[in-house]
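S.K.: Produce the complete structure using the sequences and hints provided.
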Amino acid sequence: MSVSPKISVARVPTQSASRYLQQLAKHWSHKMTVSFTEEEGTIDFPNGSKLEMRADPETLDILLTVPEGEDTARMREVVASHLDRFAFREAPLTFDWRAGE
Numbered sequence: 002m003s004v005s006p007k008i009s010v011a012r013v014p015t016q017s018a019s020r021y022l023q024q025l026a027k028h029w030s031h032k033m034t035v036s037f038t039e040e041e042g043t044i045d046f047p048n049g050s051k052l053e054m055r056a057d058p059e060t061l062d063i064l065l066t067v068p069e070g071e072d073t074a075r076m077r078e079v080v081a082s083h084l085d086r087f088a089f090r091e092a093p094l095t096f097d098w099r100a101g102e
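Residue 78 in my numbering sits at position 77 of the sequence shown, with consecutive numbering throughout.
Wrong hints could be hidden among the right ones.
[As the list claims (entries may be wrong)] With a cut-off of at most 25 Å between alpha-carbon atoms, the simulated DMTMM-like pairs for lysine to aspartate or glutamate come out as follows:
#1 K27 - E78
#2 K7 - E53
#3 K51 - E41
#4 K32 - D45
#5 K7 - D62
#6 K51 - D72
#7 K27 - E53
#8 K51 - E78
#9 K27 - D57
#10 K32 - E78
#11 K32 - E59
#12 K27 - D72
#13 K32 - D72
#14 K7 - E91
#15 K7 - D45
#16 K51 - E71
#17 K32 - E69
#18 K51 - E40
Hints listed in this document are in silico derivations from the structure and should not be mistaken for laboratory results. Values in this document were obtained by computation on a predicted structure and should not be read as measured data.
M.R.: If you want it as structure tokens, here you go:
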């Protein structure tokens, strides 16, 4: 039986997607492996999870990959709560989490 990661995707409506993406990447760059531009970013968590983000003028698209055995709901909450902290002017943001392929 193969062990497969759990993938969650969310499209978050915001006109400040690029700013939030960069703030989150900078915030976590002290503790984790992070790469980012104004349009996209990747964050590798110590537990093996991976967060990929893409910003456009209307939305922040999120792809969260959580390894088998890790708590997907908790990782979704960690990502959402941190983004809400940076988006305090418009928080809470809307995260329409759903399973990815």
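S.K.: Determine for every hint whether it applies to the structure shown.
M.R.: Taking the hints in turn, this is what the structure says about them:
no., hint, result
1, K27 - E78, "19 Å, holds"
2, K7 - E53, "14 Å, holds"
3, K51 - E41, "13 Å, holds"
4, K32 - D45, "10 Å, holds"
5, K7 - D62, "17 Å, holds"
6, K51 - D72, "13 Å, holds"
7, K27 - E53, "14 Å, holds"
8, K51 - E78, "14 Å, holds"
9, K27 - D57, "19 Å, holds"
10, K32 - E78, "18 Å, holds"
11, K32 - E59, "29 Å, violated"
12, K27 - D72, "24 Å, holds"
13, K32 - D72, "20 Å, holds"
14, K7 - E91, "29 Å, violated"
15, K7 - D45, "15 Å, holds"
16, K51 - E71, "12 Å, holds"
17, K32 - E69, "22 Å, holds"
18, K51 - E40, "17 Å, holds"
Against the hints set out earlier in the document, violations occur for numbers 11, 14.
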